[in-house]
Amino acid sequence: MRKGCIILVLLISALSYSCTSSSMELSTADVTDIENIFIETEEAEYSSDVETIRYTLTNNTEDELDTEYHRYVVEMYERGEWYTIPFLPSKYYPDIGITTHAGKTSSLLIDIKKDLGKLKKGKYRILHPIGSYPSVVYVISEFTIS
Amino acid sequence: MKKNMKAYSFLLTVCLLLALVVPQHAVGYADAVSIFDDEIQIFSKCLTTGEETTQSFGGAQNALSYSSSSTPITSVDPVYPSWMTEEVDTGGIGISPFTIIGNDDRTRVTNTAAFPFCAIVHVETTWPNGEVANGSGFMWTDRVVITAGHVVYDSSRGGWAKSIRVWPGRDGTTIRSGPHNGWWAHAGGGFVSSGKQDEDYGVIELSTAPDVGAFGMSVESNSTLNSLFVTVAGYPSPVPTGQTARTMWQHSGNTTSPTTSKIFYPIDTTTGQSGSPVYKSGSYAVGIHAHGTGGTGTSANNNSGVRITQDLFNWFMTFK
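In the order they appear, the protein sequences are chains P and R. So for the first sequence, our numbering puts the first residue at 1; every next one is plus one. So for the second sequence, our numbering puts the first residue at 1; every next one is plus one.
So here's chain P without its partners, still in its complex pose (with noise of 0.2 Å):
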C-alpha cells in the first residue's frame, strides 16, 4: 500500500449497529470489517487539467463487498478544514451496484470534468462509501493537483 494512502474511516451512523449476523443467508463483507477495505488513486499527484481519476477498492475481508458505484465525495483541505466539492448539476447518478470479491480489487473511474469541472491547485480525497443506511462509512484516498 502507498505510503500516502490512509484509510480513515467516518461512522455516519451507529443505528443497528447492533444487528448480528445470525440471519444472514448470503455473506456480504459488513462495515465491522472495514479495516480491510481501502481504496488508492492509481497517481498520488495529478495535474489540473485532470479530465478522469481512476481509484482501486481493495476488499481484503473474508466475504463479497458489495458497494455503490457513484456516491463517491470529493473534498478539498483549505484554511486546515476539508470541504466538499459540490457536483455539477449535469452529474447523474445510475442506480448500479458493484460487488468486490474477497481479496480482489474493482476499479472505479470519476469523471472530473463531466461531474465537478476543473479542480485547482490542492490537496483532495475521495471518499467512498461503504454500507448502506444505516450505517454508512467512508475509506478514503488523498491526492494532490499540482
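Any given hint could be a false lead.
[Unchecked claim] Derived list of chain R stretches under chain P, where covered just means 3 residues or more per stretch with a C-beta under 8 Å from a C-beta of chain P:
| no. | stretch |
| --- | --- |
| 1 | 134-148 |
| 2 | 204-215 |
| 3 | 231-242 |
| 4 | 291-298 |
[Said to hold, decoys possible] Heads up, simulated DSBU-like pairs for lysine-lysine below, C-alpha to C-alpha not over 30 Å straight-line:
| no. | chain 1 | residue 1 | chain 2 | residue 2 |
| --- | --- | --- | --- | --- |
| 5 | R | Lys-320 | R | Lys-162 |
| 6 | P | Lys-104 | P | Lys-120 |
| 7 | R | Lys-162 | P | Lys-113 |
| 8 | P | Lys-113 | R | Lys-196 |
| 9 | P | Lys-123 | P | Lys-104 |
| 10 | R | Lys-320 | P | Lys-120 |
| 11 | R | Lys-196 | P | Lys-118 |
| 12 | R | Lys-196 | R | Lys-162 |
| 13 | P | Lys-91 | R | Lys-162 |
| 14 | P | Lys-91 | R | Lys-196 |
| 15 | P | Lys-123 | P | Lys-91 |
| 16 | R | Lys-162 | P | Lys-114 |
| 17 | R | Lys-196 | P | Lys-114 |
| 18 | R | Lys-320 | P | Lys-104 |
[Stated by the list, open to error] Pairwise CB distance ranges, derived in the manner of DEER restraints:
| no. | chain 1 | residue 1 | chain 2 | residue 2 | range |
| --- | --- | --- | --- | --- | --- |
| 19 | R | Ser-155 | P | Gly-103 | 23 to 29 Å |
| 20 | P | Ser-47 | R | Ser-75 | 52 to 58 Å |
| 21 | P | Lys-121 | R | Thr-260 | 26 to 32 Å |
| 22 | R | Thr-224 | P | Leu-109 | 35 to 41 Å |
| 23 | R | Thr-260 | P | Arg-54 | 22 to 28 Å |
| 24 | P | Arg-54 | R | Thr-54 | 53 to 59 Å |
| 25 | R | Thr-110 | P | Ala-102 | 42 to 48 Å |
| 26 | P | Pro-86 | R | Thr-54 | 34 to 40 Å |
| 27 | P | Ala-102 | R | Thr-107 | 46 to 52 Å |
| 28 | P | Glu-45 | R | Thr-318 | 49 to 55 Å |
No lab work stands behind these hints: they were computed from the structure. Ideal Cβ positions, reconstructed from N, Cα and C, are used throughout, including at glycine.
Starting from the known structure of chain P, arrange chain R on it as the hints suggest.
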C-alpha cells in the same frame, strides 16, 4: 395537337397517381406522426458471438406501417406464470406514500414466489475487465428482460457486458429459477454513444425461459404521471445494514413532474435497483428505474426512471 395530347396524357397520369397514392399515405402519415414523432436508435450485442448491430425504430418511415391503425396500442396486460392457478396480483400494494426522501422506507419482499415479484429479476453483470455489477430488471416476455441501459453497457468498464446472469424472484440464497444467461443485450443508442440519461434503457434476451410470467406495460399521459401511485421493487446492492444480500425490496409512492422521457418519484431506492420496474396497480410498468437523486430541479429530491413513451413501448412490443 399531338404535342398537346402528350402533355394532357402526362398530366392525367400524374393526377391519377396522386389521387391513388397521396391521400392514403398523407392521412396515414399525418395520423402516425402524432404517434411516432421520434426515431429511436438501438445498439445491440450478442454476448455469445460478439456480433454488434445498430437498428433504428419509429419515426415517420416506420410510422407508415402503422398508419392503418388510428388508435395506437398503448398498453399490454401482464402474463401470469403457467403454474399460477389464480390471478393473484400483489402489484401496487405498498406502504403509504411519503413525502420526505432520505429516510429508508423500503420493505423487504419475502413472498418473491408471488406474481409480480417472481417476474422481477436480479441481474449480475460481468464486465470485460472481470468486474461485477448488480442491477435489477423485469420480465417482459418468457425470455426477455427489460432493464436500465447502464446494467448492460458501461463505457468506463469496457463497454458491453461480457456476460449477464439473471435470477427471477430471488430471495437471498433461495433461488427459484436460474441463473438464466443473457444471449443478446440491447440499449438505447443515445446512452451507448453519449451516456444520454433519457435513453438509459436496455433489454436482455435470455437463452432460456423461466416460467415466471411477465409484466404488463402502459403508456401514460403527463397529467397521469404527475401523480400516479407506483411501486419500485428490485435488488439493492448493498442491502440495508444487517439484512440478507440479494433480497428484493420495494417501496411505493406518487410520481411527480414528468418530462417527455423521464418520470420522477420520492420513492426510496439504492444502487442495485437500476432496471427495476416502476409499476402501477395491476402490474403495468410505466417506467424503468435508473437514477438516484442529484442535480437540480425535480431530480434534486426525487429518484427517477426512463418513461415508457409510445416509441419505447412500440419497440418493446417487437419482442412480443
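Hints and how they fare:
1. 134-148: holds (count 3)
2. 204-215: violated (count 0)
3. 231-242: holds (count 7)
4. 291-298: Three-residue rule met by the stretch 291-298 of chain R, so holds; n is 6.
5. R:Lys-320 with R:Lys-162: Cα-Cα ~26 Å, so holds.
6. P:Lys-104 with P:Lys-120: Cα-Cα ~33 Å, so violated.
7. R:Lys-162 with P:Lys-113: holds (28 Å)
8. P:Lys-113 with R:Lys-196: Since the Cα atoms of Lys-113 (chain P) and Lys-196 (chain R) sit roughly 16 Å apart, the hinted pair holds (cutoff 30 Å).
9. P:Lys-123 with P:Lys-104: holds (28 Å)
10. R:Lys-320 with P:Lys-120: Between Lys-320 (chain R) and Lys-120 (chain P) the Cα gap is close to 53 Å, so the pair fails against 30 Å, i.e. violated.
11. R:Lys-196 with P:Lys-118: At roughly 22 Å apart (the allowed maximum being 30 Å), Lys-118 (chain P) and Lys-196 (chain R) satisfy the hint.
12. R:Lys-196 with R:Lys-162: holds (22 Å)
13. P:Lys-91 with R:Lys-162: Satisfied, since the Cα-Cα distance of roughly 26 Å is no more than 30 Å.
14. P:Lys-91 with R:Lys-196: Holds, because 11 Å separates the two Cα atoms, which is no more than 30 Å.
15. P:Lys-123 with P:Lys-91: Judged against 30 Å, a Cα distance of about 22 Å means the pair holds.
16. R:Lys-162 with P:Lys-114: holds (26 Å)
17. R:Lys-196 with P:Lys-114: With a Cα-Cα distance of about 13 Å, the restraint between Lys-196 (chain R) and Lys-114 (chain P) holds, given a limit of 30 Å.
18. R:Lys-320 with P:Lys-104: With Cα atoms ~41 Å apart, Lys-320 (chain R) and Lys-104 (chain P) exceed 30 Å; violated.
19. R:Ser-155 with P:Gly-103: 23 to 29 Å: holds (28 Å)
20. P:Ser-47 with R:Ser-75: 52 to 58 Å: Holds, since Ser-47 (chain P) and Ser-75 (chain R) (Cβ atoms, about 54 Å apart) stay within the stated range.
21. P:Lys-121 with R:Thr-260: 26 to 32 Å: 42 Å Cβ-Cβ, so the 26 to 32 Å window is violated.
22. R:Thr-224 with P:Leu-109: 35 to 41 Å: holds (38 Å)
23. R:Thr-260 with P:Arg-54: 22 to 28 Å: Between Thr-260 (chain R) and Arg-54 (chain P), where Cβ atoms are some 35 Å apart, the hint is violated.
24. P:Arg-54 with R:Thr-54: 53 to 59 Å: Hint violated: Cβ distance 29 Å, outside 53 to 59 Å.
25. R:Thr-110 with P:Ala-102: 42 to 48 Å: violated (28 Å)
26. P:Pro-86 with R:Thr-54: 34 to 40 Å: holds (37 Å)
27. P:Ala-102 with R:Thr-107: 46 to 52 Å: Cβ of Ala-102 (chain P) to Cβ of Thr-107 (chain R): about 30 Å, so the range 46 to 52 Å is violated.
28. P:Glu-45 with R:Thr-318: 49 to 55 Å: holds (51 Å)
Violation of the numbered hints given earlier is confined to hints 2, 6, 10, 18, 21, 23, 24, 25 and 27; the remaining hints are satisfied by the structure.
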